[in-house]
Amino acid sequence: MSVLITISLLAILVLYLGLFKAKKALLPVSILGLLGALSLSFYEWGSYAQPIYNGMMLFDNFAAAFSGITILSTLLIFLLSKDYFERISSNIAEYYTVILFSLAGIIVMVSYHNLTMLFIGIEIMSVSLYILAGIKKRDFASNEAALKYFLMGAFSTGFLLFGIALLYGASGSFDLLEIRNYILSAPQEVSPLFYGGILLLIVGLCFKVGAAPFHFWAPDVYEGSPSLITAYMSTVVKTAGFAAFLRLFLFCFSPLSEFWSPVLVTLAALSLLIGNITAVYQQHFKRMLAYSSISHVGYMLFAVISLNGSSDTSIFVYAAAYSIASIMAFAALILLQRQVGTDSFDSFNGLARKNPFLALTLTVAMLSLAGIPLTAGFIGKFMMFTSALSTYHTYLVLFAVLNAAIGIFYYFRVIVAMYFKEADRHELIVSPYYRLVLGLSAAATILLGVYPELISRLI
Amino acid sequence: MEILLLIFLPLAGAIIVSLFGKHQQAKTAAFIWSLLSLGFTGYLLDGFDPAAGTQFTVDFPWLLSLGSRFNAGIDGISMLLVLLTNALVPLIILASFSHNYKSPGAFYGLILFMQSGLLLVFTALDAFLFYVGWEIALIPIYFICAIWGGSNRIKVNIKFFIYTFAGSLIMLLGIIYMAQQTPDKTFDLLGFYQLSLSTSEQSWVFLAFFMAFAIKMPIFPFHTWQPDTYTESPTAGTMLLSGIMLKMGTYGAIRWLIPVAPLGFAQWGQTALTLAVIGIVYASLIAFTQKDIKRLVAYSSIAHVGLIAAGIFVWNLQGLQGAMIQMLNHGLNVFGLFFVLDIIIRRLGTRDMDKMGGIAKMAPKFSITFLIILLGTVALPLTNGFIGEFLLLMGLYNYNIWASAIAGLTIILGAVYMLRMYQRIMFGPSADNTLTFADIAGTEKVVLFVVCALILFIGVYPKPLLAISETSTRELIDFVNGKIAGGSPTNY
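Same order as they appear, the protein sequences are chains A and B. Under this note's numbering, the first sequence is numbered contiguously, ending at residue 519. Under this note's numbering, the second sequence is numbered contiguously, ending at residue 1064.
In case anyone wonders, no lab produced these hints; they're calculated from the structure. By construction, the Cβ of each residue, glycine as well, lies at the ideal position given by its N, Cα and C atoms. Hints may contain errors.
Straight line, CA to CA, 25 Å or less: simulated DSS-like cross-link-like pairs of lysine-lysine [claimed, not checked]: (1) Lys481(A) / Lys933(B); (2) Lys481(A) / Lys731(B); (3) Lys594(B) / Lys414(A).
Not everything, but these chain B residues come out facing chain A in the computed CB check (under 8 Å) [to be verified]: (4) Ala718; (5) Ile719; (6) Leu741; (7) Ile742; (8) Ile748.
Which stretches of chain B does chain A cover? Using the computed rule of at least three CB atoms under 8 Å from a CB of chain A, they are [unchecked claim]: (9) 634 to 648; (10) 721 to 733; (11) 936 to 945.
Let's have the full structure, built from the sequences with the hints guiding it.
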């Protein structure tokens, strides 16, 4: 719980630093604070956890692990933010503060034990994101992104809230344990209201994680927002959304899986298909990442579909692999946008010759996203396939396998451009912070790909 | 522990060689390093007992939470392929000495990296490990072919990669499914062997594995990636693909496909055999019409592999032993052929055989070595190809006389298109560009003499090689036949 307190206090501290014009201190303080929060989440790991604050929160291993990976991803993104926000706005303290506030919301999302806390967590996160998406005040695309995100997000919040209300109407409680007991006491006589509630919750949560067919906001919002905010949205936010998803379904709804699993199977298959097919047709790296992130949602839904003892580990490993690889991809994207001015696939031509290090790390990222062995992404995909096959969703996995093969096409376009095509270009300047993030992430991707036991026993 | 050294020695070499960067000494370093691997294989061969089953086993926990162990070992079947890999890689490196590839550090590093992946495939006794090796071998060859290949390399290689990757993912599906059925959810090969799944389950698992292996070999109609990729790749890449990598498919069929799903094999084996035999005739006929010499050899390779696959799918001792020795022979012969073609293409600057002719009188040493390799390929007695194809056809004959008659066309057709190619290139009036054709010298001479010596030696005295795999193949056949007949798992 100290993690949540630390991050909230850190956000306020950073806000005050901005007020007193201590611009130089913003980044170091934020990073130190996050490191502190990260070590606290390690510290809380493994302690025998009980629900606290009248059963509102439960900081168990699950929460500790997901807090850890979301904080770590935020940390990497902060390292990339050196000199980034200064270029697009003068109010940089607000950036750090708002990101930290949304992270606080995320910590609530991964450790709730009561549906009200789920709602509060999601709202803290979402409202911060609406601001972040539109933070380039004078930029048309950024404004469009913020407005779209806000309207769609508000809409989905409505679904979520209505779903929670229906669950409350049927079970008489917001508490996860009580809801679970309500189902277990008479699985055959669960009220129809309750089923309606589950469906509405699925809609609301799928909006938040960007699963098809509730994904229409994602590509435009991802493209319009500043790239670093996009990186944050497509990694940290998505991970948190899945943690919230899984916690609810694993703990409460698992006895009713016969009801909701066909729904999620359909959503997963749709996300895979739409995400993959549209990604193939993109000419720009950022939009390709946006669409491919939809297909990754499809893979991650596998773990929710086939709930078993290792679902949480599978999601955790997949989310970690996906986040690290995506952050590398976005780091390259930012460098390219800043120094070349475009992010079309052609702008990667000949990069390997001028920037061998950047090209190599980006290749590792693409291989990981594509799920090639010896990278963390393969272990993630492997775990997803395993869990789906353990509940005999053979056709779904076969479908996913074909989609993974399609995925090669667009992930390898970057590699093809960097290594196999020639172009006259200048060397991109990669600052030491970027080198650090890229190097660490690439090493972590390969390390987890060779020996995932390092994190697969955390939950 | 020996296995670990065997697998990781090339990997260490890959890292060292890649440090050479743009210096052309990288090839010397890579060559010396690959000789180390070869020497170590010799040491293993010396301590290897063909009658003792799986040896040099290494088994330690790796990914326990996923159910996978690092479990590898060598039996007679693996031994031959390890020998093939570690003998061909030095030859391939030596054969590329006349080229000055840009970034040689990366080029030779990738070759050694691939060697590690191949050795992992040929020794893995754990399905997860096998799959990892299977993919590791694919990544370097993709980069080798796509960076250093011909003008159309990008499109061709992405097709090749997606094609094979789709096949291997479907195999992964089968692997995970099998692992889910084992009592403690592990990927152990012997655990897979012990399972007795229903016929329908086995038939699906068979098809899943078959996809991966059929694409890799390739078997008709999954061969469409192969001629383009072979033609567009740099010569070393073509040699790796045809000499060693396609044996991953045939080896996989022997070790994983048939014993893991014997009832599936009983159901689909005949179909697979038919496809293989169709491929033989089909590829031979297409090879006959080719003007591009590299493409011609690419198609002939489909025909030869089709015969090996047919020998495996008849599943008797002659067929399987023939397949084992022919994998080795085909690796050697196709390497030699592609090297000969590389010499011609490099000197003449064309792949069109209509623009060649009269080389024989310019380069006598070259024409003799070429002839020996060619005769090995068309399976003339006293060359290595004869032993293999004879055993394979005998195996087919014991299974079905018609299958053997149709597959036997490969020898006739092969002789026709190969000798026709030889005649067009070597005899007849000289073309303008062949008048100055220099005879082989230096490393070319060494490589071709070694290849010819091996072709003749194996052709005259194949017994030691056959003896390596005989016990293992016999036991495997008995095991599978027992499972097909009785259904209850016997100990293996």
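Self-check item: Hints the structure fails to honour
Solution: Violated hints: 1, 11; rest satisfied.
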